[in-house]
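Peer 1: Sequence:
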Amino acid sequence: MQKVTQAFALPILATAPIDGPVGAQEIPAGFRHFLGTPKPAQRFKAYGIDPLDAPGHSEKVRTLMNRLSRRMDAAIPWPVHRDATIERWENPGIPSGYTYLLQFVAHDLVHSAIPLSVTGTLGADTANARRSALKLETLFGSGPVGSPFVYAQDTPNDEQRTKLRLGRMRWKDKEVESGCPFRDIARTPAENVTGIDRGIPGRRVALTEALVADPRNDDHALMSQLTALFALLHNGLVDMVRRGEPTTGINANLGAAYKRFLCARDALTTIYHNIIRNDLMKRIIDPAIYAAYSAAAPALMDRPTDFDIGAATAGRRARDQWQIPLEFSHGAFRFGHAMVRPEYVINDLSTHDLINTLEKTSASDPVNMPLDSSWIVRWSRFFEIGGSRPNFSRRIGPQLSDGLGHDKIFPAVDQTNRVGLLYRDLLGSTLAGLWSVDAMIAEISRRRPQFIRLSRLLADRAYRVSQIREWLAAEPSYGRLTSDDIETLANDPPLPFFVLFEAMQQPETQGLRLGLLGSIIVSEVIFGALEHNELSVARNAHSLGEALAAISAQYYPTNVFEGIPEIAGMDQLVEFTAEIGDLRQAVPAFL
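Residues 17 to 607 (my numbering) make up the sequence shown, in order.
Honestly, the hints are just simulated from the structure, not real lab data. Every value quoted in this text rests on a predicted model; they were computed, and no experiment measured them. A portion of the hints provided could be inaccurate.
Said to hold, decoys possible - In silico DSSO-like pairs for lysine-lysine, Cα to Cα no more than 27 Å straight-line:
(1) K55 with K76
(2) K76 with K424
(3) K151 with K275
(4) K275 with K55
(5) K55 with K151
Given these sequences and hints, build the entire structure.
Peer 2: Written out as structure tokens, the structure is:
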């Protein structure tokens, strides 16, 4: 849920330049297309016209996406749950902590300077700065040497850094005190060259800077708290390594400290991968697709080395290393926005609505930083821990919580004056030269026909068009779509919309997980990244314990991770963090 300040909310004219056909267009570094570059006939079109081929068509495309986003404001009549205490729109299979784990994963896959919906065209500002996938760059940055501001000094007057910085929380309406626990990300003030002081003179300093490797990890209070959770686990693993180190001269030089850091980092990365594979993906992916992709070496159909991409492009990709499909980043993976709740029970004392949650950052509310006790997450409210009843995420469908349409947080980016994250998602997909839904289904059917046969919505085009047409026309007061609008959208739906529609419409899913097409795209990218970036030393391990033992053996003669349980889910990660961080009796409550 990347936010953009008013400074970036510049008008984008209807004639904003859009690059030519994708065949001749230079895709920004760090990106590629899913299943190879689509031919012109295979790309998304609006009213039969490719937005990339017709810059003058831009205003009409923006108007259409504006109307579609307004149609998606209508409430979805979800079926009732067996448990009457669960709201129809809630998803009891996916506690809300996974919404933000998905966002964390997204930050670990993609990092662009400015969203495509704001720039209006693919280019240098929309390049993906990530050069490896799912390696926790979003947490560790370039390590203690490359990103020293992210790391705390090990001891006074010592340049060695192995632990991630954390900051003290404060008690509500009080200043930070020395006894306050380290339960927030680290934050600091910065003198402003303009002379503007956002603090309260004589009372409180404005902590405008979040000391995190990825500034998006302070996008809102829940994101910064999840980042602090992973930092706490890393720091606990560093302590485990230190206790298992040989006692002779181990702290004598920087090299020994860096070895300690690398060992703990590799362990956390392996635990992280285990949770993505065995917990997160299992919850969001169609079971048949999960079964096909969750093996150690899945039969991927989206392997860039198999594509006829030409020598120049192949050379650039070799230099860039990781490239993420635009159909994933600007299409399918936007589904997580639909899971965001309108409010959250943060802990036993505090419930905050979504708008307050989104505004609780160093950039938006520096005078009230660090987070006070009302924002310190009790993790049993976000994951099922010890039989707890957590906040549930929203069902996945073509509607977002009202807070994601707030005009101050997600202001208008063009002349339509349409505010909100949903319009940005839809518009960005039209500017990226994505595969059309029909063409992508046809290509997947050519490669994996057994997948397409599992869904009538995918296998039967006439049925698919009729179902979308019927839904678009069902709420004429929302969006005021014309008959031409409805026909073009039914026959060529934008990918982010279709992934949400599919999740809602398929009887087997009913918004409780992704449909078949969304599951295939997400599985190809996530499981592909896991396979490509698995630590080589742990590749043949049959369990997390074996993998951690192999990692330890790279650095030390004994197993410094002996005793770590088989952490396969976020509930186990939280409980283990509480154990090694002495947080079981923490105040505010951690578990």
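Peer 1: Would you mind marking each hint as holding or not holding in the structure?
Peer 2: We went through each hint and held it up to the structure:
no.: 1; hint: K55 with K76; verdict: 23 Å, holds
no.: 2; hint: K76 with K424; verdict: 25 Å, holds
no.: 3; hint: K151 with K275; verdict: 17 Å, holds
no.: 4; hint: K275 with K55; verdict: 48 Å, violated
no.: 5; hint: K55 with K151; verdict: 33 Å, violated
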